[in-house]
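Sequences listed follow chains A and B, in order. Under the working numbering, read the first sequence as residues 1 to 702, first letter to last. Under the working numbering, read the second sequence as residues 1 to 460, first letter to last.
Just so you know, the hints here were simulated from the structure itself, not pulled from any lab data. Heads up, a few of these hints could be off.
Unchecked claim - A few chain A residues facing chain B, derived, Cβ under 10 Å:
1. Leu446
2. Pro447
3. Phe554
4. Leu609
5. Gln613
As the list claims (entries may be wrong) - Only part of the chain A face toward chain B is listed, based on derived beta-carbon distances under 7 Å:
6. Glu524
7. Arg527
8. His558
9. His564
None of the values given here were measured: they were computed from a predicted structure. Backbone N, C-alpha and C define an ideal beta-carbon position, used for all residues, glycine too.
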Amino acid sequence: MSGHYVQLCNNPLRFEPVTKENSVFFDESNRQVFSVTSGEGKTHVVVRGPDIKSVAKFFIPSGGHVMSIKFSYDRKILAIQRSLKVVDFMNFADGSDSQQYSQTCKSKSAHIIGFNWTNFNEIVFITNQGLEFYQAHGWVARICQLWKQSHLGAGCRYWKLLDVWGTQLPFRDAVNVFKLLLKLVIVQPEKHSLKMIKNYSVQVNWFVFLPESAVLLLSSSGLGNVIHPYHFRAGSVMRLPKFEVDLPAASKAMKTGLLERDVTLANIDGQLYVVILRNQLRSTNTGPVGAEIVLYQLQRDIPAKKFAVLQLNMIGRFAVNVVDNLVIVHHQASKTSMLFDVRIGGDFDGQITYHEPVLAPLPLEQAVIDIGLILDSQNWIVFQPNIIIDAKLGCLWQVMIKLEPLAVMITDKSLLVDFLLLRRESKMVILTVFKQALTPGRQCSLPVLARMFDKMNSAYRSYSQELEQASQQSPDGSRTQSPQKQLTRCQTIVTQEDVYTHVLSLFVENKNINYKFMVAVLVEYIRSLNQFLIEVEHYLYELIINLLVRNKCFYQLHQFLQYHVISDSKPLACLMLSLECEYPPAYQLALDMLKRLNTANEEIIEVLLSKRQFLPALRYIRAIGAEDSVAPRKFFEAVLNPEDPMLFYTVYKFFEQRNIRLRGNPDFAPGEHCEMYVKKFEVLFGPNRKSRQAFSNDGAIQ
Amino acid sequence: MASMKTSPGLVNFFIYNSTFGPKEGMEKEKIVMYIPTGEDLDKKIKNIGLCEALVKFTQTFSPNKPCNSLHTQKMRQVFFEAEPEFWMIMTISIPFSEKMAKDGKMVIEYHDEDVLDSVLDAVLKQAYKMFKLFNGTFGYILKTYHLEALRKRTEHFYASYLQTFNFSQFDILDAFTGINFLPLDKNTFLRIQSFVNVIEHTFSQIKYTAFLYSEKLVWSGLEQEDMRTLYKYLVSSLFPSTINLESMENPRSQGYVVVQPKLHQGRFITGPSDLGDVPVPSTPPKMFVNTDSEQEELILVVYKALEATICLMISEPYPSLELYKRIDTFIGPQLTTLANIVGEQSAKKQLATDQQYRYLYFNHMNLAQKSSVHSRKSSLPCVAPEIMRLMGDISTDFASFQEDGETYVKTMSDCWIVGRKSDQREMFVILNQKNANLIEIDEEVRRLGITQFNNIFFLD
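Bound conformation, chain B alone (with noise of 0.2 Å):
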């Protein structure tokens, strides 16, 4: 009999540079962060040193690309030189299980397959990415400040950003960090191009302006890299803090106490959350644009009203009070007025488009994915992880093979998996058929791609 499967966790996480200790008995002094803090210095230093080594070996063959991820039977590990000589490890345990052997005693199966080298490499670069547009590149921070300051940074950071990791959650999506674009007739966009030109023209500290419906993308003024983190952000941190702002402040409307209506649904998410004359607004966050040609520091205030979110990046200083009343009073009302005309839009759309597929798309050319694997509210996949995972290895298989092609997968509980590669998109359908061929499974993929996908060019 099988025991219950431990999921995957995280054993360590570390940033190191070499350069720091060149010497021996610097050996310390190599270590930009190492989390568990609290692990034994010792421990760390051999870590690092394992990893140092296995990167200068597997160097002399691969100079470009030396060493990507270790596997061994309880764990993962996954490199990454995100600056040059800091590198970025983190290492998973392997999920096991406990079995019974023929001769009754009890063995402990490793099952390797459920750790997908693709997504935790995804996971780390994100890892990095994320720090970056908060904090800047290591080398800026280095250069600016000094060791210390990035040490500080690194630890205080990553602390609480690898709380959040649920490995046995992560899925081909996160592999491909995509934007979930809002579909939108052209002049309901149009409309919200010409609100956003206008508020940039109207403030002129503000640099950029993403638009979200939402959690989906509309516009970003914004490079491509940086909106995918910044989208990652929002939508996996700063939305769903909010929602717990959101139920808390309801009871409020629900009570008895009559609350003076504003004239509009709109308010800050990060700034002030009242304007009202509170004297000392809380600080939104600073983030750290562009950073491979002019690095810009903007500040990052994000303002909601009902479903429609805008991301106003403003070029320092810290906006003032006056500036946020100002914001307020004209963004407010014509916000919340774009916001119905979307909503009714894509409601519309909603009814129309019935979901009778299950597919996961995605395009690395504009980083648009679409999914109706994963249900809206919460990003679990509401289909086996086994058939996640297979997509995963599919995709894979894709990014190994660089030119265009199709995979069908059957699964031992009659599930087809098709995965399909035509230049840089990618898609799979999971269909649940019984004793279907694989004609009849072509033909509704086949179908599929007329009604959802009619409008680019796919390559059969």
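Okay, chain A solo, but in the shape it has when bound (with noise of 0.2 Å):
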């Protein structure tokens, strides 16, 4: 196994290396790479990404050096930031629409600091004053504008449509269907100008943006430590409140302030957090203490708090990354990187918990790429969610982590599964755990195997239980939202099939391993999944009375059934009347089940006259009420085979007298198929019907 588990994506994506002719430019929001080089007049753009094949060259005039370049979400519009105050916009569909526009930010005195897309169509500029939030076309002018346009038969037609919905829908559902509309129609941004929804003043020295959860941050203060965030959603944005980062107390008294690289968004686990690193200066009279990362939760109506300490161990410059909900921290001095995850372990002191690395920092693995290229972080830029990107090289990389090794290298096998539970596409990987857990040599303990069983069945409960109140709350319709929000949390399931197909079907199958320990793995189990309360699948219970026939623990299992343990079923009834010739009590087992299911009157009957016991099944289906149903052709049946004159005699009149009491006289029925054996009676007993008249006559006579 290999010693890495944070590795760089096999096939980065290539872009035109930086040079000073071209400047590379890359946006979070569609993962885009922009290489732009200016040229006589006009400027060409390269456009990379999101994926490796996408491509895009394109001319803009030129107007000066490009500062920022970014597309709109939906690729039509593109923002060109050239100076300090103006940014300018193109709109591009079906090719290139050449005729620029631009906008000014409104107050005067101020100067852009970056702009972002927060929607398909909408824009924030950041200034040292504050935000401005502008939107490229309001859709309902649009709509109009297209309703004007008759000339464009598509929007006609679906304006039609929209018409019809709209009468029928809901005003909110009305509005939606617009919406998803207007992404399909509204292929030409017709209008060439912006309109100002909202902004806000407040003195700013940077912003950070998380494209994925439009959430905006501005830094505000002279320590740049008071922060402002803000979320964005289409059409309107939320102030959320302002908290203030403590900085060491050492950086205060040097009046370094908190810095922008410092300072990251990230998304774990459905929760936004804003995670900024603390490098502890040296103090005199602590001694050097390794940096730390702090995380805040942001919260909506509360400002954000401080939640979860990283403790880095390490000095020097660091980055972050977030995948797959881990937090990785890249080193750049000891070229290594550190894995946190912030919702296992760590000391809790009340109020915020403080988290060690998963595993101690090992290098990245660098996928090897073109012979004659030196790989070197130093130039690395660290972009959020997953990106590292060296310019000079001209690569993206994606960060990803490797599961297999961790699974090899995280000792406590409890700890292991709880954090590959928390990881995505890790179910494979999980078994595999179990099936090393139960290989011989490298066995766990049972109280190990307990405890890794206990996990993963209490991740199915959590799970099946925020199904369950979906469903219930489904119905009304009104508060589906807030499990649905759960139910998107990472956290891979693994069910009793996936063991049982990928793991323990297989180990009950190992000559090597002792049936007891066998036993004592499959009651594990299924100790587990009743102590979550998990219905337990009847092949499992398959597999451990098996197990116990097999090594002849008879005794073993009928304590098992006594107890309850294997739940009653009618198959496994039936499997307990199998073992009968091999183990007797297994016969009373069986009958005690069936009768516990309530169920199985018939099977009941049907096994007492295989074992002749022809009277008790009488007896039993008189007490069942089940006489006027059963058929007695059944029972001759049986009775006569071997032949049993005396017994078939007393079945014969228990059924007669059935008769009398339903229809008034002893005949079967015709339908009950019973003529044969009438006839069989009269053979041995002689005729009947006039033994019994001769038998009333002389009774009337005396």
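Starting from two chains that each stand alone, build the complex the way the hints lay out.
Here is the structure:
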């Protein structure tokens, strides 16, 4: 196994490297790399990404040095910042519309620090005096426009459609349909202007933006440690409560404030965190302290709270990525990376959890790229959530986590299961971990296995509970949102079927394992399932029964059944019946089981008949009140094979009496097909009817 | 006026093997063991001779089941061929009372019906099995050692074993020699199971494990027959003897001496009692299981925490003090927690089931017995001995009858006893309802069946 758990993807996105003529820009929202080369009168732009194959090349008018360049989410509008005051726009659709238009920031004295698209047609400018939120085109305006421009056949058709729907659907849905259609229909933004929606005034040092969550952080105050978070949604922006990041005393004294490069926004398991790197400076009384990362959890109604501290135990330059809900911290000096999972472990002091890295820092695994290229992490720039760019080399990598090496490296297996359950696509890795934990030589002890099973089943339990709640709440429709949100939580679910097919069914076939250990493992799994109130699947019972039977541990099996460890079922009862010749008590166990099922009267009668327990069978049908519905034929057939005249007589008479009660005479109904047995009775005991009449006549005379 | 009735008592108990002294003049060689040992040799030989004759004689009529018991006016003798040619005989005196006859003379009246064959038969078999559990079979001892060793061992064992007999207290439960199981919910049972599994995998020396709670069985890794005997030993001999130990220890804690509290409540019942650096641990008993197939010799170490007992059957050699210590530190705390969990649960159960019926239940299949007739601590029944005997008689009837069925009996004292048998299960109910008729009693029994035995297939 390789000694890496973090790797760069094998096929990086290649782009034209940075030179004097060529500037490179990366847009986190669309994951696109822009290579901008100024030429005579025109500027050449190459856009690559998000995947390796997509390339777009076009010219833009030269208008000065490009400071920033980004496409809107639908890649229909290109925004270019060439000066501190103005952002230029170009509309793109089916080729390009070379007409440029621009938007100057509203406040006269401000200058633009940067901008970000927040929606397919909405953009936010961040100036040193606040933020300005613009919309390229209001959709209502655009619909009206469409309506007027009747030459747009497609638009017209859709408009009619909308009209029809609009009258039938509730308003909200209609709006959603409109929005959807807008995306489809409006291929060409016609109007060359922007409309301001909102602006906020606040002094800004720098900003951090997380496109996937559309959250913007503005740094304010002299030390830059007052953070104003904003959350963007279609057509609106919401200001979240500001908060202050506490700085180490030393840096306060030296007037070094919070820097942009030390702040990252991360979305971990649906929660937003402000990740702040704190390089503890050498203090005189405590000696050298390792750097740490502080996580502030962003909340809607209250200022962000300090949530967790990741202890790095090293000093130097760090960079942060977030992959698969793990915080990966790259340390430049040692060229190693560390993993943190804020959802597992840590020491909780009542307010903050302190985490150590999941494992010791290890170098990144770098995929070998073209020979002749030297990888030098000095030039690397890290983008969120999982991008590393070497602009000199012209490479963009995605950072990936390798679970297989981790499975070997984490020695605490129950921690490992916890860790893996929180990763994406980790099911097979988890199952492999279990498989290995049961392999002779590498076997885990039973208590460890028990903990591993418990972790897995606890995750399954909470998942199925959420599902249940969701299905309960969905009929009333209103409150579907909250459980849905939890369901999207990253959590791998391992079912009994997975464990059975990939682990247990192979495990019990292994000849090198003591059957006692096998039974112990199965019992442990069943115990764990029961503890988390998960219904145990029948194939697990079959596994344990077969195991016990194969090893002749009948008495142990008996005890399991006695305490209902193995749940009752008809197939199981049949299995028990089949074991009777090897283990006679199985018969009683099977009958008890059928009785408890309450739905197996047919089977009970069958069993009794096959045992030639005719009178008990008759008593039983009488006790359960099934005399009227039962087929006498079945009884006659059984009692005559082999023939027992006395019992036949008794059974026959029993049914005759039933017939009298039902129909007033002892004859069998034609549908019951008993003619053969009536004849048989007459052969054995003489004509039935006559003897009875003779008897009653006699009685009458006396 | 009738005087007090005497109790049945043991007259003699002996084991013989005719093949040891086939010739005349060698009769005394046949004796393997004879109690009372002080008996005149001549009498011993005569008694054995009579038994031999009876067996030989009855063999002509029934070669496979020659002689079971011999009834005389003053005595009852039960026969059991424990191993081929090894016959065990037990003789009991019939209780009698003196009665004033019409003519004023005292007449001795013998109460033959007070002594039940089925019970005596079971007691005799139990005596053999108990010996076998701790010593192995007669044949095994004879083969590995010699006849003299067998004579010594049997005498040593039975001299003390027979002293525990009290024939007036034997009743139908002794005939059943069943096991009381602890009713427990699935999850707790599984926890105990997994605890047992962990023990067996942590200590590879431990071959089998049994778990009991307050004298009721929860789990046995042993086979049923071995467990049956072991259970009997634990309940009737080992546990009562430790109660004395406990009460002896108690004054210490009641007094003013401050005892360093132990982290858990666990301690050994067999094996060392104190794990301080006392060098010589007392030796736990050796036991022999699976004697029918491959006999295994094991050492029985019993460990107890609160009401929970765990029997560890360890393969030889005898565990070292070090192993004991490891077992103690491993099992002690966990067993204490488990005992608390089980205790809580069974306390709840006890509250839930109100004992309004007096009944006795036995399942021949899993040896499960339940009795609300016998109070928990002392195994003395709280009903008249006549009623107990009556139940024994009904049970004997069932045994000879084979088929399922039921019996209703009304005693002179207006007490109803209902016995039922379905497949391998027997149930007896005692109902003290004055002036109740058969239908009412039937109804009452049916109700009991619904409340207490709803989850088993018990035919009406």
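> So which of those numbered hints doesn't the model satisfy?
Replying inline: Of the numbered hints, just 4 does not hold.
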